[in-house]
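Enquirer: Chains as they are written, first to last, in our numbering: chain F, 7 to 278; chain U, 7 to 278; chain L, 7 to 278; chain Y, 7 to 278.
Hints were generated in silico from the structure; no laboratory data involved.
Bear in mind that the values here come from a model prediction, so they are computed numbers and not experimental data.
Don't take every hint at face value.
Which copy is meant is left open, because identical chains are indistinguishable; a pair holds if it fits in one copy or across any two.
What the hints assert, rightly or not - The calculated BS3-like cross-link candidates involving lysine-lysine, where the alpha carbons are at most 25 Å apart (straight line), are: (1) Lys257 <-> Lys162; (2) Lys62 <-> Lys32; (3) Lys9 <-> Lys194; (4) Lys160 <-> Lys9; (5) Lys9 <-> Lys32; (6) Lys97 <-> Lys62; (7) Lys194 <-> Lys162; (8) Lys97 <-> Lys14; (9) Lys160 <-> Lys257; (10) Lys62 <-> Lys153; (11) Lys160 <-> Lys97; (12) Lys62 <-> Lys14; (13) Lys97 <-> Lys194; (14) Lys32 <-> Lys162; (15) Lys32 <-> Lys14; (16) Lys32 <-> Lys153; (17) Lys160 <-> Lys194.
Protein chains: 4
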Amino acid sequence: MNKYLRIKHRIFEVIEVAGEGDILSKIFDTTIIALIIINVASVIIDTFNIPATVTKVLSYIEITSVIIFTIEYALRIWTADLLRPEMSPIKARIRYIFSFMAIIDLLAILPFYLPFLIPIDLRVLRALRIVRLLRMFKINRYTTALKTVGNVFKAKASELMSSMLVVLILMIVAAVLMYNIENAAQPKAFENAFSSFWWAIATLTTVGYGDIYPVTIAGKILSSIIALLGVALVAVPTGIISAGFMEQIHKSEDNDKEEEKEYCPFCGKKIK
Amino acid sequence: MNKYLRIKHRIFEVIEVAGEGDILSKIFDTTIIALIIINVASVIIDTFNIPATVTKVLSYIEITSVIIFTIEYALRIWTADLLRPEMSPIKARIRYIFSFMAIIDLLAILPFYLPFLIPIDLRVLRALRIVRLLRMFKINRYTTALKTVGNVFKAKASELMSSMLVVLILMIVAAVLMYNIENAAQPKAFENAFSSFWWAIATLTTVGYGDIYPVTIAGKILSSIIALLGVALVAVPTGIISAGFMEQIHKSEDNDKEEEKEYCPFCGKKIK
Amino acid sequence: MNKYLRIKHRIFEVIEVAGEGDILSKIFDTTIIALIIINVASVIIDTFNIPATVTKVLSYIEITSVIIFTIEYALRIWTADLLRPEMSPIKARIRYIFSFMAIIDLLAILPFYLPFLIPIDLRVLRALRIVRLLRMFKINRYTTALKTVGNVFKAKASELMSSMLVVLILMIVAAVLMYNIENAAQPKAFENAFSSFWWAIATLTTVGYGDIYPVTIAGKILSSIIALLGVALVAVPTGIISAGFMEQIHKSEDNDKEEEKEYCPFCGKKIK
Amino acid sequence: MNKYLRIKHRIFEVIEVAGEGDILSKIFDTTIIALIIINVASVIIDTFNIPATVTKVLSYIEITSVIIFTIEYALRIWTADLLRPEMSPIKARIRYIFSFMAIIDLLAILPFYLPFLIPIDLRVLRALRIVRLLRMFKINRYTTALKTVGNVFKAKASELMSSMLVVLILMIVAAVLMYNIENAAQPKAFENAFSSFWWAIATLTTVGYGDIYPVTIAGKILSSIIALLGVALVAVPTGIISAGFMEQIHKSEDNDKEEEKEYCPFCGKKIK
Numbered sequence: 007m008n009k010y011l012r013i014k015h016r017i018f019e020v021i022e023v024a025g026e027g028d029i030l031s032k033i034f035d036t037t038i039i040a041l042i043i044i045n046v047a048s049v050i051i052d053t054f055n056i057p058a059t060v061t062k063v064l065s066y067i068e069i070t071s072v073i074i075f076t077i078e079y080a081l082r083i084w085t086a087d088l089l090r091p092e093m094s095p096i097k098a099r100i101r102y103i104f105s106f107m108a109i110i111d112l113l114a115i116l117p118f119y120l121p122f123l124i125p126i127d128l129r130v131l132r133a134l135r136i137v138r139l140l141r142m143f144k145i146n147r148y149t150t151a152l153k154t155v156g157n158v159f160k161a162k163a164s165e166l167m168s169s170m171l172v173v174l175i176l177m178i179v180a181a182v183l184m185y186n187i188e189n190a191a192q193p194k195a196f197e198n199a200f201s202s203f204w205w206a207i208a209t210l211t212t213v214g215y216g217d218i219y220p221v222t223i224a225g226k227i228l229s230s231i232i233a234l235l236g237v238a239l240v241a242v243p244t245g246i247i248s249a250g251f252m253e254q255i256h257k258s259e260d261n262d263k264e265e266e267k268e269y270c271p272f273c274g275k276k277i278k
Numbered sequence: 007m008n009k010y011l012r013i014k015h016r017i018f019e020v021i022e023v024a025g026e027g028d029i030l031s032k033i034f035d036t037t038i039i040a041l042i043i044i045n046v047a048s049v050i051i052d053t054f055n056i057p058a059t060v061t062k063v064l065s066y067i068e069i070t071s072v073i074i075f076t077i078e079y080a081l082r083i084w085t086a087d088l089l090r091p092e093m094s095p096i097k098a099r100i101r102y103i104f105s106f107m108a109i110i111d112l113l114a115i116l117p118f119y120l121p122f123l124i125p126i127d128l129r130v131l132r133a134l135r136i137v138r139l140l141r142m143f144k145i146n147r148y149t150t151a152l153k154t155v156g157n158v159f160k161a162k163a164s165e166l167m168s169s170m171l172v173v174l175i176l177m178i179v180a181a182v183l184m185y186n187i188e189n190a191a192q193p194k195a196f197e198n199a200f201s202s203f204w205w206a207i208a209t210l211t212t213v214g215y216g217d218i219y220p221v222t223i224a225g226k227i228l229s230s231i232i233a234l235l236g237v238a239l240v241a242v243p244t245g246i247i248s249a250g251f252m253e254q255i256h257k258s259e260d261n262d263k264e265e266e267k268e269y270c271p272f273c274g275k276k277i278k
Numbered sequence: 007m008n009k010y011l012r013i014k015h016r017i018f019e020v021i022e023v024a025g026e027g028d029i030l031s032k033i034f035d036t037t038i039i040a041l042i043i044i045n046v047a048s049v050i051i052d053t054f055n056i057p058a059t060v061t062k063v064l065s066y067i068e069i070t071s072v073i074i075f076t077i078e079y080a081l082r083i084w085t086a087d088l089l090r091p092e093m094s095p096i097k098a099r100i101r102y103i104f105s106f107m108a109i110i111d112l113l114a115i116l117p118f119y120l121p122f123l124i125p126i127d128l129r130v131l132r133a134l135r136i137v138r139l140l141r142m143f144k145i146n147r148y149t150t151a152l153k154t155v156g157n158v159f160k161a162k163a164s165e166l167m168s169s170m171l172v173v174l175i176l177m178i179v180a181a182v183l184m185y186n187i188e189n190a191a192q193p194k195a196f197e198n199a200f201s202s203f204w205w206a207i208a209t210l211t212t213v214g215y216g217d218i219y220p221v222t223i224a225g226k227i228l229s230s231i232i233a234l235l236g237v238a239l240v241a242v243p244t245g246i247i248s249a250g251f252m253e254q255i256h257k258s259e260d261n262d263k264e265e266e267k268e269y270c271p272f273c274g275k276k277i278k
Numbered sequence: 007m008n009k010y011l012r013i014k015h016r017i018f019e020v021i022e023v024a025g026e027g028d029i030l031s032k033i034f035d036t037t038i039i040a041l042i043i044i045n046v047a048s049v050i051i052d053t054f055n056i057p058a059t060v061t062k063v064l065s066y067i068e069i070t071s072v073i074i075f076t077i078e079y080a081l082r083i084w085t086a087d088l089l090r091p092e093m094s095p096i097k098a099r100i101r102y103i104f105s106f107m108a109i110i111d112l113l114a115i116l117p118f119y120l121p122f123l124i125p126i127d128l129r130v131l132r133a134l135r136i137v138r139l140l141r142m143f144k145i146n147r148y149t150t151a152l153k154t155v156g157n158v159f160k161a162k163a164s165e166l167m168s169s170m171l172v173v174l175i176l177m178i179v180a181a182v183l184m185y186n187i188e189n190a191a192q193p194k195a196f197e198n199a200f201s202s203f204w205w206a207i208a209t210l211t212t213v214g215y216g217d218i219y220p221v222t223i224a225g226k227i228l229s230s231i232i233a234l235l236g237v238a239l240v241a242v243p244t245g246i247i248s249a250g251f252m253e254q255i256h257k258s259e260d261n262d263k264e265e266e267k268e269y270c271p272f273c274g275k276k277i278k
């Protein structure tokens, strides 16, 4: 292995999630996570009335972050062929560029370079700053904690989707009915189906801001039914997800038992 | 089999849920689902302030839909005898007409023909337009996703009903008590038992719009108790439904194991 | 068996929950349930502004109900010795009088007779009318549906109580803290610990009427923490109750398996 | 054993949770619990407008409590060496002083002695009174009820934390987005990211006080999505905790079966 390849391998090791005892890699990971948190904080601070000096500091942070994230992005693409040694280097890199994490990485730096590439309205640019929040998802690379939660959602996707469909149908029926009931009494609050949708969501999710609610008797009866159904409909996804977590546990327990199974628990003989 | 019967069989195949590779049948299914979605959208659009041209387009959509749905309804009745070959054709058709899906199909087209049959008030006719939303349930024919959710509710119906009974009794007691407590302090808000029912539902379901709430100390204490019970009463249906989903999973797992059971899982011998 | 005893036995059969094919007993049960529903309805109607004639009808209903319930109560005490044949008749009756259902029966008729027994304020008498709602619990005698729900609550009582204790401690801490934070900014809304208790309950149960909420930054941070804890604390009783329902199912499944267990599922031999 | 050691042992027995039949120890426990409840009540009463005489009584209660709690604290440290006989007395005492319960005990009495030790502002002193609420946690010593709930939370800590992380990321994104959407329409309500955080929490936890809500169409759509996600995110911790309680039950069942397992449940033969 020549020196070029050795350096490339070392860089690949560093930018990947740190292995046991690899201090440089750990420093890299910590720096990236710290930068992400600083960036999110700066987006939040940006919404407050801040003196010009702070704005300046924030813009320096932004420039530094983008430079580091750009270098990181370039290095990741350069070393992408080590991720998939069975492919040709170019194919491996193209494949990497279109992976979920790489797209996030690109979106996190792109808004900064956009004004240099195409003429862009200042106000649109301001809005694009929010895209920086996507950098939070870069943390994903370093956490495996969300896996169980994600697995449960994946396993139960079809059941959750179908219960969402019921909620949607219910909401459409409720919203159109409520519009017809309340429009005469409150023409401003229940102006159209969109307004009653807003009411239907506030009621079904039991948020109930109190900016829109029925005043007629028929409307109150319908609202009561929807609120009670709302309770039932909260119960359904909860039930589905509970069952999903239980299954997940059973599965990992079954895996634990796999080894025990080699011997019959009853007669103690070896099972072929 | 003569030509008439062959055509009838083909039509039956087409209007039923599409089999593998039956393109015509798939086109038919997609058309019906698309029409249903367009119809629901048009009912929603109808609630906005729309120019006359859009109203005209909507009415054309309505007429086209009704014609197609009417033909579909007629074909379904005509081919209903193929659904139950063991019955006489007339009996099979009568049976079909009173099935849930057929009633939905009829209700979805009936309001359009009503004014031709009997003299009807224009405002009532407007209200009848909402019945068109029932067409959404025609989608049911094409989805099996809701089955698990439906099965859980069916299996747990008696437990859910009885917990609903407890909620109802609790609400009646709370509403009458609250009326007696708050009526003196807020004669307008807590005008009668209906008003306190409205409050009881908003509190038990934790919607809490904020249009009605107790102001006296006794009222606030009662409201606190009801709100805390509300939490408990949300927990009960959730618990019932969770248990239901778990059972459903166990059942399908048991079915999977059925075949395995013929052979001893430990020694591999056949079990008599 | 002489005639007196035969009649007594028949009356006992009639007032107890109807057996298969006992038409008279079924009529009795239906009458009592109908009367209870009419009584609850009349208490509710009573809260509306009603013309004098309706008030008169309601008072006739009340008198009729009380007479029937009094006769029922007397018959139940008279036949109580048949319920516990192993006791002496007097002991059996005393035991019955202090049973839960008998106390409900007594409380349901007592308020009517009170003014004849002791001088009583008219306003207190009005309040006592609500006691009539207790008659709803007489329905309990005819329903076994609540048993599973009740069993789960009984089995999980200690865990539910201890999670309630946590909620209580949390609420006390939150209420006193919030009083100290918000009292200066909103001396009227957060007047004393009772007001902040009211806020704490509205927040923890996520009712959120909107009549009381923090306006200071410290208050909003505390409120956010309490609201998030509220979510967690709803999850705990739900989890406990879910687990309870699952256990209940496992138990009844185990009972079903009891018989199967007589034969070894693996070798088919009889198990001693 | 000399007399000094016998007395020390007896005191140790008395201040520890009472054993079967140890009346003096039971009196001690009851006194401490009663004192704690009285103290909490006095902190609550303190928030009401109370006459000077009551304030005086409360201060007497405070002095008495602190004296008793101080003596208790001293005795506990003195007898701490009996708790860990395998250590040297000094080491055992230092270890005890830094235990959770000992720190709570110290914090519960410290604020009273502070003004004697260092000059302290009167207003800060007032705020320190709330620390007295910590005395509630002294009850912990006497209750084992919270153990199951605590165990479930400990076992599921990582899953709960990771779902909290998702909620946090979601809330940050929602808050910054909402600020950008609503700031122009409601510059006062959505003043900065902190205000929209307050809105995001009120919506995600479905509290919905109604003091802050979107008015623009884009804002209402975002709010609807957040409210629906809120339902899903309540379902996740509930599902995790439900699964946790189920596991807890299975574990204790497995422990029960441990002994049975030594004998084959089917043929009754001893299993090697």
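Enquirer: Now tell me, hint by hint, if it's right for this structure.
Expert: Going through the hints against the structure:
no.	hint	verdict
1	Lys257 <-> Lys162	both (15 Å within a copy, 17 Å between copies)
2	Lys62 <-> Lys32	neither (30 Å within a copy, 60 Å between copies)
3	Lys9 <-> Lys194	neither (74 Å within a copy, 61 Å between copies)
4	Lys160 <-> Lys9	neither (44 Å within a copy, 49 Å between copies)
5	Lys9 <-> Lys32	within (23 Å within a copy, 60 Å between copies)
6	Lys97 <-> Lys62	neither (42 Å within a copy, 54 Å between copies)
7	Lys194 <-> Lys162	neither (41 Å within a copy, 42 Å between copies)
8	Lys97 <-> Lys14	within (18 Å within a copy, 53 Å between copies)
9	Lys160 <-> Lys257	both (15 Å within a copy, 21 Å between copies)
10	Lys62 <-> Lys153	neither (39 Å within a copy, 52 Å between copies)
11	Lys160 <-> Lys97	neither (29 Å within a copy, 46 Å between copies)
12	Lys62 <-> Lys14	neither (36 Å within a copy, 67 Å between copies)
13	Lys97 <-> Lys194	neither (59 Å within a copy, 53 Å between copies)
14	Lys32 <-> Lys162	neither (35 Å within a copy, 27 Å between copies)
15	Lys32 <-> Lys14	within (17 Å within a copy, 53 Å between copies)
16	Lys32 <-> Lys153	within (22 Å within a copy, 37 Å between copies)
17	Lys160 <-> Lys194	neither (42 Å within a copy, 41 Å between copies)
Checked against the numbered hints listed earlier, the structure breaks hints 2, 3, 4, 6, 7, 10, 11, 12, 13, 14, 17; every other hint is satisfied.
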